[in-house]
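**Student:** Protein sequences appear in the order of chains A and B.
Residue 1058 in this note's numbering sits at position 312 of the first sequence; the count goes up by one each step and never skips.
Residue 292 in this note's numbering sits at position 293 of the second sequence; the count goes up by one each step and never skips.
Calculated directly from the structure, the hints in this document are not laboratory data.
These numbers come from a predicted model, not from an experiment.
Even glycine gets a Cβ: it sits at the ideal position worked out from N, Cα and C.
A portion of the hints provided could be inaccurate.
Beta-carbon label-pair distances, calculated as ranges [what the hints assert, rightly or not]:
(1) 185(B) <-> 849(A): 40 to 46 Å
(2) 854(A) <-> 260(B): 21 to 27 Å
(3) 161(B) <-> 764(A): 41 to 47 Å
(4) 811(A) <-> 208(B): 41 to 47 Å
(5) 1107(A) <-> 7(B): 54 to 60 Å
(6) 787(A) <-> 184(B): 36 to 42 Å
(7) 1171(A) <-> 282(B): 39 to 45 Å
(8) 249(B) <-> 972(A): 16 to 22 Å
Heads up, incomplete: computed chain A residues facing chain B, CB under 10 Å, no partners named [as the list claims (entries may be wrong)]:
(9) 754
(10) 782
(11) 815
(12) 842
(13) 939
(14) 962
(15) 1150
(16) 1157
(17) 1159
(18) 1161
(19) 1210
(20) 1214
(21) 1218
(22) 1220
(23) 1222
(24) 1226
Chain by chain, the residues run as shown.
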Amino acid sequence: MLFTSFSFLALLPLAVVLHALLPVRYRWAWLLLASYLFYAAWVPVNAVYLGAVTLLVFGCGWGMGLPDRPRLRRVLLVVGLVAVLGLLVTFKFYDFLAGELERFSVAALGLQPGLTLPRLGLRNPAGLSFYAFSAVSYLVDVYAGRLPTKRHAVKLALYVAFFPKIFAGPIERATSFLPQLRTGLRVEPERFVAGLQLIVWGLFKKVVIADNLAPMVDRSFHLAAYISPVELVLGAYFFAFQIYCDFSGYTDIAIGVSRLFGIELMENFRRPYLSRSTAEFWGNRWHISLAHWFRDYLYIPLGGSRAGQVRRYANVMLVFAVSGLWHAGLGYGVGWTFLVWGALNGFYQWVGLATAPLWRWLGGLMPRVQASPVLAVLRVLLTFHLVLVAWVFFRADSVSQALLVLRRIATGLGHMPAMITRYPFTVAHLQAVCLIALLMAVEVLDERRPLWERLAAMPVAVRWAAYYAVLAALLILGRWQAREFIYMQF
Amino acid sequence: MKHLAKPALLFVAIGLVLYAGLYAAAESLLYRTGDTNPVYKIVTAPERRYDWVILGASHAMPFDFADFNAYMERETGRRILNLATPGTGVIYNRFVLERFLEDHQTAAVLYVVDSFAFHSRAWNEERFADAKLLRRTPLDAAVAKRLLAYTLRQGIDPRALLDYVTGFSKINNRERLQRDIWEGEAQFERVHRPSASADRKRIDYLFPDGAEDARTFARYLGDFAAFVDFVRARGVGLVVIKTPVPARFRQLMPNEDRFDQSVAHLLAERDVPFRDFSQVPTDPGHFFDTDHLNRAGLTAFFTQHLKPVLLQPPTGQQ
């Protein structure tokens, strides 16, 4: 059931009303039932994987809670991690790697006939990438003593399966989620209204912006060899906003829906295209829950920045490479493009780390330049374009296609002004540019002072006019013909 | 929460008024851009009584492309209203005819039958919920009433009725400023260059569920029999035809002979004329795509085969 589907939007009020009618202490049980119904409505058999992962982490967590058994604790942690991550890796990569090995056996080893490996032919259960990471964080936190062993398997099941976040996050921590169940799921009116506002804004980003950009992006990448470089440039820019609005739209809806049930999920996006460096982009603004997950469960355990410069650089590249592989999935296929995307972002971090002392020195020499808004804008633009180049690999079907897009854009740059004047722009292009401009205007305002605060301070008439305008845009411009959220497919 | 109830109700009330405004604007725009939607044609039909109503799917639509309907009317002296709709089977066509007969009359119905429409829900029940159709269907109490009946009786998705009544697809129509013309009409003068891959693609599109499921076929054949009985019971004459298709295309159509025999048998039992022109020799240059007649092909087909049929409408008591 998609957040943008009629079924979801029709059933959500029913679920909220039932939740409100139940005594506070039983509400979590209703949420668990609703979560499994929501998840099974997509592909029923996937609920079996979800249940199995939940039972596994509960069993391992329970065993880790046994007193005076340090060896057993370690064994259970390893068993839990291998099982959960093994399931994820198998689903994501087994068939792809089998195909690559077969090709390699013919092309590089010259075997005739080449290897023939069996295929699983299984589709990655929706949301596995997300709930597997939630399960891993639970296991590690229990092992590290940050979380008491949960004796209540059913509440743990709700943490893993909670329906607003199961398909595409945020990758919530058990340390913040489970305590909310203990204190009771009460819905404050202000949070309820804030939840509704977020849902509407998330829908706007998804069905009005992302889904209207999608056909133009698809065309650009499918016809990369034949179309004008102008269209390739547009495709690359539009994709940057498509994926942002698609994913952050999902997150906004997820956080908003959670608020209707009295649960607060973590912030996942913080106006990422206003980042002044790629380190800021990845560390604090884009898919924050994943970035923090990698920081806490991979980068720091590997030694982080305290294990010497060489290890630090290696750890950074490893984290970004693994992040790239994590993103490989069904949306744009499983391919080497994601590894290149991850490595390219890792390379950006390397350059940032290596040049940081130089920038600090220059900043010390020219403090007024460093503080100038012009430099800030230039840094934002540079960061955005670095991210944009990486997105081309993310979206392309293959590395060669990504290189083709970038090569054609690069060779056409010199003639771009002339080509732009001749290019037959359409109403759809104009609409896309206007929507992106509107989004960025909202983000810039939000950066200075949260938009909800601004709205709350306005007269009712202005506030309501803004709400009606967004709702009208959803009705008039929205594309509601069920296009999946991109990140749901990972 | 109670202190929020009053402003929330006011917000919803104002929202509903604004929605009604959008709905009215979309409905008014529909009448400015409407063209091929069958309900639109019925509610804007200049006459109350016709000699022929043409029903069917896309193979029946070229009869109304450009000025061809007027040409047929001149040549035959008959008043003809073409209510064919692309990708529709017998259930949708009966729905259209029932609506037509509520306030119009016709001496006879020419039904252009297509085998693909007997093998999938996609061309029957599911077609009712297609936003492309709903967004061009004018608001009409008789249609809403009939859609409700079909929802209860035929298993049409209730969301089709909800969409129709709320006008959501009309408000949400991205092509709201464009004329409602089927894309085939723009190619009417074109000559198609045959392509095996295009033929294969078209067959895959027309038969999304294949043509092997005997139960599905029997079910839609039953609906077709009920349609024939309905037309006869209303005292309206009926002729069923198949239009020409290229021989190479026909060879790809799964179970086409079984279909022809079944339809011929069903119609013979009811004494309804069935004129199968699908295998008459046709020039390959007489098609604008894989299987639709272009102007030259349609003119030749009309002159040689269809005109005599239209000149003598059967009576309802045939």
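**Student:** Now tell me if each hint is right for this structure.
**Tutor:** We went through each hint and held it up to the structure:
A beta carbon spacing of about 44 Å between residue 185(B) and residue 849(A) agrees with the range 40 to 46 Å that was offered as a hint. In this structure the hint that residue 854(A) and residue 260(B) lie 21 to 27 Å apart at CB is violated, the actual value being about 58 Å. Judged by the Cβ atoms, the range 41 to 47 Å given for residue 161(B) and residue 764(A) is violated: they are separated by roughly 22 Å. Taking the beta carbon of each, residue 811(A) and residue 208(B) are about 53 Å apart, not inside 41 to 47 Å as hinted.
The hinted window of 54 to 60 Å between residue 1107(A) and residue 7(B) holds, with their beta carbons roughly 58 Å apart. A beta carbon spacing of about 40 Å between residue 787(A) and residue 184(B) agrees with the range 36 to 42 Å that was offered as a hint. In this structure the supplied range 39 to 45 Å holds for residue 1171(A) paired with residue 282(B), their Cβ-Cβ distance being about 42 Å. The hint said 16 to 22 Å for the Cβ distance between residue 249(B) and residue 972(A), and at roughly 34 Å that hint is violated.
With 10 Å as the threshold, the beta carbon of residue 754(A) stays out of range of chain B, its nearest partner Cβ sitting at about 13 Å, so the hint is violated. For the restraint placing residue 782(A) at the interface with chain B, the shortest Cβ-Cβ distance is roughly 24 Å, beyond the 10 Å limit, so the hint is violated. Below 10 Å, beta-carbon pairs count as interface contacts, and residue 815(A) has none with chain B, the closest being about 49 Å; its hint is therefore violated. With 10 Å as the threshold, the beta carbon of residue 842(A) stays out of range of chain B, its nearest partner Cβ sitting at about 27 Å, so the hint is violated.
With a least beta-carbon distance of about 7 Å to chain B, the hint placing residue 939(A) at the interface is held under the 10 Å criterion. At about 13 Å, the closest approach between the beta carbon of residue 962(A) and any beta carbon in chain B exceeds 10 Å, and the interface hint on this residue is violated. Hint status for residue 1150(A) relative to chain B: violated, with the closest Cβ pair at about 25 Å, above 10 Å. Interface restraint check for residue 1157(A): the shortest CB-CB distance to chain B comes to about 33 Å, outside 10 Å, so the restraint is violated.
Interface hint status for residue 1159(A): violated, as the beta-carbon distance to the closest one in chain B is roughly 33 Å, over 10 Å. Against a cut-off of 10 Å between C-beta atoms, the interface hint on residue 1161(A) is violated, since the closest Cβ of chain B lies about 33 Å away. The closest approach between the C-beta of residue 1210(A) and any C-beta of chain B is roughly 7 Å, which is under the 10 Å cut-off, so the hint is satisfied. Below 10 Å, beta-carbon pairs count as interface contacts, and residue 1214(A) has one with chain B at about 6 Å; its hint therefore holds.
With a least beta-carbon distance of about 7 Å to chain B, the hint placing residue 1218(A) at the interface is held under the 10 Å criterion. A hinted interface residue such as residue 1220(A) counts as satisfied when its beta carbon comes closer than 10 Å to some beta carbon of chain B; here the least separation is about 9 Å, so the hint holds. Hint status for residue 1222(A) relative to chain B: holds, with the closest Cβ pair at about 6 Å, below 10 Å. Of the supplied interface hints, the one on residue 1226(A) holds, with its beta-carbon coming within about 6 Å of a beta-carbon of chain B, less than 10 Å.
Taken one by one, the earlier hints fail for this structure at numbers 2, 3, 4, 8, 9, 10, 11, 12, 14, 15, 16, 17 and 18, listed in ascending order.
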